[in-house]
Amino acid sequence: ERLCIRIAERTGGVILPVMWWGTGGGHDAFLWTHYQPPEAVAAMLTTTVEQLIAFDFRVIVLMAGHYPWQGILDDCLPAIQNAHKDITLLWGTEASIGGDAVPLPGDHAAKEETSYGLVLFPELVDMDALMPGRNEAAAWPAGHMPPEGERHPGVVFEAHDPLFAQFGEDARQGSAERGGAGLSKLEDYLAGVIREAIKA
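Going by the numbering used here, the sequence shown opens with residue 16, and the numbers climb by one from there.
Be aware that a few hints might be false.
[Unchecked claim] Here are the simulated lysine-lysine pairs, BS3-like style, with alpha carbons at most 30 Å apart:
id: 1; residue 1: K200; residue 2: K214
id: 2; residue 1: K100; residue 2: K214
id: 3; residue 1: K214; residue 2: K126
Since the hints were made in silico from the structure, they are not lab data. Quantities reported herein were computed from a predicted structural model and do not represent experimental measurements.
Between the sequences and the hints, there should be enough to build the whole structure, so can you do that?
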């Protein structure tokens, strides 16, 4: 959201409220995760995009903050793009939306996402919380971690571990400098693409 706000401020864009409903990726076992069926998410996505097109938006940027959304975006949006060739649709996560022009690394709650968070919403990132000793019963909705066969490979599921819920390099290595370097390039790139599309 905050990256989109920064881009919108540079290009005169409009921001719609963030859709907080996730789907895919196996995160539904974690506390405070709100998942919906993929069909519901796809319907909200396509209906919203079609409405924006009907309201005469010429450039629509769909930035996903959850990597499994990439598949939903890739499944739903090409048909809409083909039906509306005069509209520019840009979609993906921070790791994919810049394509080959701005390849950014991604992870889950680890070094990269923490670095992005330290740039975009530093008031919400508490690096001191990355410490051992969480209570497992309090960390999981069911009071215990999911069975091994239901765990996403590479994610740290042990609540007592300081890297709990991370997938990627240690979040304690994240920095605003690291996040800012990549996000500035992506912001510049997307703002440029949007300006060119509006001129056309």
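Are there hints from earlier that the structure breaks, and if so, what are their numbers?
3
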